[in-house]
Amino acid sequence: MTQRPLSPRLSIYRWHVQAVASIAHRASGLVLVFAIPFYLYVLSGLTGDAASFESTMSALQSTLSRLLVWLIGVALVYHFANGIRFLCLDMGLGESREMLRMSAKAMLAIAGVAAVVLAAVLL
Amino acid sequence: MKEDYLGAAGNGFGDWLWQRASAVVLVLTLPFPFILVLCLLGGCLGQAGLLSLLAHPFAKAAHSLLLFAMLTHAYLGLKLIMEDYVPVLALRLPLLLATLAVALGAGAWTLAMIWSW
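These protein sequence lines are chains P and S, in that order. Quick note on numbering: the first sequence equals residues 1 to 123 in the numbering used here. Quick note on numbering: the second sequence equals residues 1 to 117 in the numbering used here.
Chain S extracted, bound-state conformation (with noise of 0.2 Å):
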């Protein structure tokens, strides 16, 4: 029988390492959107006030930053998620590579809008 699998890559400690890493950053940077959209939805902040917030240079890094956080953490989190419930290759992989592929292009996306503010 043809065995389902890749050899092990040997990158599986970097993967745990950048989840980490990513988590902390998250932690960090995460509190500011979320109390933001808060504000928004009750009304203590306008689009003059997000705007300038979001305009700023030390922001725009540290959103920059975050959303390199997120992408990471969500693209190994789904990895790990795929390893453990799609156990064929053939759809893990094309499924791995997509997911991969989004990633990149929201994450230029979204880095091409913070830096047009």
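Just chain P, with the same shape it has in the complex (with noise of 0.2 Å):
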């Protein structure tokens, strides 16, 4: 191990709305990587046979499940709209310091509605 200090220096900067909308991303995508064999399970299960069908929609429709659902739900719009932004970042898009406060903003904002609106369909 080397003596260095990591990055990022969280006691040092300042926290900002960027930085949020940056570490968000990172822990939706961790949210989603573990959706990865729940999506699998979940398809396995309704496409085997008619029993098993059952058994998995029951499934589904528990509490534990539906918040499952709500929270990869909630990931995966956070995660697709700043992905978006990311790639718009790319080519050079919005790269302005009130471009980027105000599109990290906005992203955060579409994760609290998508929050509130899978919370009344599903919860």
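In case anyone wonders, no lab produced these hints; they're calculated from the structure. Note that CB positions come from ideal geometry on N, CA and C, so glycine has one too. Please note that the accuracy of each hint is not assured.
[To be verified] So these bits of chain P aren't anywhere near chain S, every CB distance computed over 12 Å:
1) 11
2) 15
3) 17
4) 64
5) 93
6) 101
7) 104
8) 105
9) 106
10) 115
[Stated by the list, open to error] Stretches of chain P that chain S covers, calculated by requiring three or more beta carbons in the stretch to come under 8 Å of a beta carbon on chain S:
11) 26-33
12) 39-48
13) 76-86
[Unchecked claim] Ranges of calculated distance between the beta carbons of each label pair, as one might list FRET restraints:
14) 4(P) / 46(S): 52 to 60 Å
15) 62(P) / 57(S): 30 to 38 Å
16) 15(P) / 46(S): 43 to 51 Å
17) 19(P) / 68(S): 27 to 35 Å
18) 64(P) / 93(S): 17 to 25 Å
19) 55(P) / 105(S): 21 to 29 Å
20) 37(P) / 93(S): 21 to 29 Å
21) 39(S) / 27(P): 24 to 32 Å
22) 87(P) / 81(S): 16 to 24 Å
Taking the hints as your guide, dock the two standalone chains into a single complex.
Printed below as a string of structure tokens:
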């Protein structure tokens, strides 16, 4: 192990909304990684015989599953929206400081709206 | 002191490009399963309808592409996170290889399922 300090140096840097949007992209990405086995499990259950379809559907209706689908849904909407923002930045669109701040806030707002809407639909 | 890193692999740009190419594929394909799940939960789609949608040859091809993009994107994202937060090479390398093995295994298993419909 080297003794160099690890980046990001959270105790030194001041938090700003672009950094929140960036770390939220990682956090939501990590949630979505664990959503992949859930997706494959549900897909295999739903496309099996009629009995496995019924049992998978009733498992999906449980409170725990609906909470999980809510979490995955919010992570997906955020990662999706902010991912498009990152692709735009790669193409040189919206790189000014004001635009970066504004778009970061907008993506976080989209995630907030998704959280409320999905909660109303699922919970 | 022994340095704890491998030399530059030289494929950082490749990783960056694959991450973005897979992102574009995911932007185009991922809304479909998301909508299907909501339809199933909402009760406007049953198993017969789901199977006839998924078994269409075009859907199988799109689903395979989605699967490839999803696993590639997840692997590269996890790789990035590990490179940032797991500084010990002896830990990072097996983690990375295990992730790759799981991704390849999941891909093979799911491809077999998709093309058996």
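Going down the list of hints, with the structure as the test:
Every beta carbon of chain S lies more than 12 Å from that of residue 11(P), the smallest distance being close to 16 Å; the non-interface claim holds. Residue 15(P), annotated as away from the interface, keeps every beta carbon of chain S farther than 12 Å; the closest lies near 18 Å. Every beta carbon of chain S lies more than 12 Å from that of residue 17(P), the smallest distance being close to 21 Å; the non-interface claim holds. Distance to chain S confirms residue 64(P) as a non-interface residue, since its nearest Cβ pair spans about 14 Å, more than 12 Å.
Interface exclusion of residue 93(P) from chain S stands, the closest Cβ pair being 14 Å apart, more than 12 Å. With a closest Cβ-Cβ approach of about 23 Å to chain S, residue 101(P) is found to remain outside the 12 Å limit, as its non-interface label requires. Listed as a non-interface residue, residue 104(P) keeps its Cβ farther than 12 Å from every Cβ of chain S; the least gap is roughly 18 Å. Taking the minimum C-beta to C-beta distance to chain S, about 21 Å, the non-interface status of residue 105(P) holds against the 12 Å cut.
Against chain S, the non-interface label of residue 106(P) holds: every CB pair exceeds 12 Å, the least being about 17 Å. Residue-level check passed: residue 115(P) sits 15 Å from the nearest beta carbon of chain S, beyond 12 Å. With a threshold of 8 Å between beta carbons, the proposed coverage of the stretch 26-33 of chain P by chain S holds, since 5 of its residues qualify and at least three are required. Here the stretch 39-48 of chain P counts 7 residues with a CB under 8 Å from a CB of chain S, which clears the bar of 3, and the coverage holds.
With 5 residues bearing a CB less than 8 Å from a CB of chain S, the stretch 76-86 of chain P meets the requirement of three and the coverage assertion stands. Between residue 4(P) and residue 46(S) the CB atoms are about 58 Å apart, so this pair conforms to the stated range of 52 to 60 Å. In this structure, residue 62(P) and residue 57(S) meet the distance hint of 30 to 38 Å, their C-beta atoms being roughly 34 Å apart. Checked against the hint of 43 to 51 Å, the C-beta distance between residue 15(P) and residue 46(S) comes to roughly 48 Å, which is consistent with it.
Checking the proposed 27 to 35 Å range against residue 19(P) and residue 68(S) shows it holds: the Cβ atoms sit about 32 Å from each other. Distance hint check: the CB atoms of residue 64(P) and residue 93(S) are about 35 Å apart, inconsistent with the given range 17 to 25 Å. Roughly 25 Å separates the CB atoms of residue 55(P) and residue 105(S), a value that falls within the hinted 21 to 29 Å. For residue 37(P) paired with residue 93(S), a C-beta distance near 23 Å keeps the hint of 21 to 29 Å intact.
Distance hint for residue 39(S) and residue 27(P): a CB-CB separation of about 28 Å, consistent with the stated range 24 to 32 Å. Our hint of 16 to 24 Å for residue 87(P) and residue 81(S) holds, since their Cβ atoms are close to 19 Å apart.
Checked against the numbered hints given earlier, this structure breaks only hint 18.
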